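Heads up: the sequence lines are chains A, B and C, in that order.
Counting from 1, position 170 in the first sequence corresponds to residue 180 in the working numbering; the numbering is continuous, with no gaps.
Counting from 1, position 197 in the second sequence corresponds to residue 207 in the working numbering; the numbering is continuous, with no gaps.
Counting from 1, position 155 in the third sequence corresponds to residue 165 in the working numbering; the numbering is continuous, with no gaps.
Note that these hints are calculated values from the structure, not bench results.
Treat each hint with caution, since some may be false.
Where chains are identical, the list cannot tell them apart; a pair therefore holds if satisfied intra-copy or between any two copies.
[As the list claims (entries may be wrong)] Below, a list of computed lysine-lysine pairs in the BS3-like style, where the Cα atoms sit at most 30 Å apart:
| no. | residue 1 | residue 2 |
| --- | --- | --- |
| 1 | Lys156 | Lys265 |
| 2 | Lys201 | Lys265 |
| 3 | Lys201 | Lys156 |
| 4 | Lys137 | Lys265 |
| 5 | Lys156 | Lys137 |
| 6 | Lys137 | Lys201 |
Remember, it's a predicted structure, so these values are computed and weren't measured experimentally.
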Amino acid sequence: MRRLTTLTTLIGAASLLAAPSASGATRDYWVAAVPVTWNIVPNQRDAIMGMEYAPSETVFGTVVYRRYTRNWRRPIANVPAGSGNSNLMPGPLIRARAGDRLRIHFKNLDTAFNRSHSMHFHGVHYKPSSDGAFVPGVSGRDGDVKPNRTWTYRLTAGNDSVGAWPYHDHGPSMHESIEGGMWGMLSILGKRERAPDREYVVVFSPMGSFQAIDGRAFVGNTPVFRSRVGDLVQWDVMAMGSEHHTFHVHGHRWKNAMGVDVDTQTVGPAESFRVRWREDAPGTWLYHCHVETHMEAGMIGTYSVAPRRT
Amino acid sequence: MRRLTTLTTLIGAASLLAAPSASGATRDYWVAAVPVTWNIVPNQRDAIMGMEYAPSETVFGTVVYRRYTRNWRRPIANVPAGSGNSNLMPGPLIRARAGDRLRIHFKNLDTAFNRSHSMHFHGVHYKPSSDGAFVPGVSGRDGDVKPNRTWTYRLTAGNDSVGAWPYHDHGPSMHESIEGGMWGMLSILGKRERAPDREYVVVFSPMGSFQAIDGRAFVGNTPVFRSRVGDLVQWDVMAMGSEHHTFHVHGHRWKNAMGVDVDTQTVGPAESFRVRWREDAPGTWLYHCHVETHMEAGMIGTYSVAPRRT
Amino acid sequence: MRRLTTLTTLIGAASLLAAPSASGATRDYWVAAVPVTWNIVPNQRDAIMGMEYAPSETVFGTVVYRRYTRNWRRPIANVPAGSGNSNLMPGPLIRARAGDRLRIHFKNLDTAFNRSHSMHFHGVHYKPSSDGAFVPGVSGRDGDVKPNRTWTYRLTAGNDSVGAWPYHDHGPSMHESIEGGMWGMLSILGKRERAPDREYVVVFSPMGSFQAIDGRAFVGNTPVFRSRVGDLVQWDVMAMGSEHHTFHVHGHRWKNAMGVDVDTQTVGPAESFRVRWREDAPGTWLYHCHVETHMEAGMIGTYSVAPRRT
């Protein structure tokens, strides 16, 4: 009760007009920007083409978003265990339902590159002070969180926020940060919408000379997603960078947002969509970007469907 | 009355079958191709990255479409004042309602480059003689209007023409002309559709090494669009050139044509769409192409929403 | 009767659960991969720009899919005569109705390059053994059909398979094969859907330094599609390769899958869509990719509509 009152005061009356009725929960996420050493191709090979890569070609230092417990006491997994996703790319999966308020407590721990960072969220309602974009003479501290400083982004999920959406650095060095992996997704369900049994986050982005999924390249490094016949599976798909991609899953079709059956769907930079189906096709399948040069550069992985439990 | 009769004779019976019932207005536009000197970055700077550009890097000679009064007597603004759009790119905003006929009287005043030009319109009904495309051995004068010559393009807006559409040069040197800014938009409302309170034209196109919006690059040069809380705002978005873009506005979401809530939307060469919302988010916001290399090269601007008038 | 029983046994119970009720037909196609010498620009010219090309710039050896009679006895046309399509690119037009089963009998006759090939189909239901993708340690012979070997792909068209879909090589050298023309389309109608009077297959793909439609570049080489006023025409459009395209037809608009009127539509690698309209616009019209550099490199053709028969 006290929390809601405080939040109302902070957000102010104007934005509440646009927000859904105040019956939702308030969800807190604690996130930090942390420097890490990252290997795009941990097994050092492209299994399909039979190519080997040296660590000098695949390892680099970068900054990522990492989820923490309250007050940034202890780092925890960005995406729930068993999801198949790497631990640090994408950043924390921010979950909410329409009507909820989100407080994203962000701390910049980038003492390696010593750069300002921020978080800019798609799909949700917020005031300019939670926009997170750096525009000299216009934006405030939300778009320019200096090392060892913090900022709290206050967001509201409306009924028009249902879906899967990107967030990413929009600070002064956003272009380097985005290529380095400073992005993640929001997954927002409708007020009474059924949660999926399995949820996979797929982020297409270039990394150096590779084309990565969740920061990894080539089968054996990219996430292995797993389900079972009968599961309601959900894919949260987005792209970051400068290229358009086409998301394809073998042996499956889905209804796109228009109710049209497709098995390949374009996603451009910062576009995003949710794909859902009731699983019925046991086997090991490929999922990949169907842009030929992207497949060749690593944008491909496997999806494994177990038979129905008997 | 006399006008309609003449028009009927000129268009001929065949195309009338496809056209809507003859209750609409006939609208005349007078347009010329005129040589101009254009500065892509008038303030000579990229305010976000803190970069300076010399005029030698940003000024070039080109040809644009310009609106005139009847019989090309006097040039007038391409887009109504207060719209935020530059005066010469895009070309004249051609407005109509479903059921209307349009006569676009075009004169080629390109005495600088001395090239043939034309106008090719998307979204509307017309006979081949109003197509405006240059195909040797097939097309006529409509696709090859030589300097100091004129051509009248006769178009009909059907019920299937409602929306925002491109037009552009389709003459023998169309590729240079399009990179130089020879394009504009048609904005066609349904027969009884409400007109927006504010209408913004956003054309994404490359210009030399820059990525421009309406022929300008970087915040401070690109159009500053303005509205007020409560306004019905409409964005007419298209792309020209060879690249795909993703249109994004901060702090807002809209229903795309399928009724799906998005805040980022792909637009490829000559694709176009209309975005509408009732404004409810006061503040200064960024709008931009979300392709990273395009943002870096100038494809970004600001949108300013004033509080509700009290 | 005997055929259906055999097929049921082979497909197995699991996939039948997902498949439509067993009232459909079983359709057999006999296809081989065959080496050919191909000329992208048979008339050696770009008629619009007035450029000439030498055969040394336009002729190359490649491998294509070719349709045969039963047991690969005799080659036949890939696409029915009079369609305007080239004979060998695209590969055989695979037609079915929702509920049908398809058996695609594939033989690799590529004795020129001596490479393994396969067929991977979009939009239809199949078991992993009919997927056709090469993944070392995972896939079987379906993804790696060696020269002079055969494989039968067993597919089912569901209600969610209605539309136009790609198929293509997904073997070990798929990237070279796809650039060389190893692709075609499936066209699947609803159970009681009306077949079109004219059906055109449009595949956008790069070929060397050209941008081709169905393996040909420039007006005069690309397919000339023909119809008559009153015809129900259908365009099956897809892209192969690494680039996004925008399909545009002059003088026409169509409802896209969302019921929105468009005349230009993005198609990325392995995306596909069907466009239908009742023809009402006599004349010779251009159809093309609206990406400027693609138009310049050959991705343009003509569509000729005869007046209504009197």
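Status of the hints after comparison with the structure:
1. For the homomeric pair lysine 156 and lysine 265, neither the shortest alpha-carbon distance inside one copy (43 Å) nor that between copies (36 Å) is at most 30 Å.
2. Proximity of lysine 201 and lysine 265 under a CA criterion of 30 Å is satisfied in both settings, with 21 Å inside one chain copy and 19 Å between copies.
3. For a Cα distance limit of 30 Å, the shortest separation of lysine 201 from lysine 156 qualifies neither inside one copy, at 36 Å, nor across copies, at 54 Å.
4. In this homomeric assembly, lysine 137 and lysine 265 come within 30 Å of each other (Cα to Cα) only across copies, at 20 Å, whereas the closest approach inside a single copy is 34 Å.
5. In this assembly of identical chains, the alpha carbons of lysine 156 and lysine 137 lie at most 30 Å apart only when taken from the same copy (21 Å versus 53 Å across copies).
6. In this assembly of identical chains, lysine 137 and lysine 201 lie within 30 Å of each other by CA distance solely inside one copy; the values are 23 Å within and 37 Å between copies.
Violated hints for the displayed structure, listed by number in ascending order: 1 and 3.
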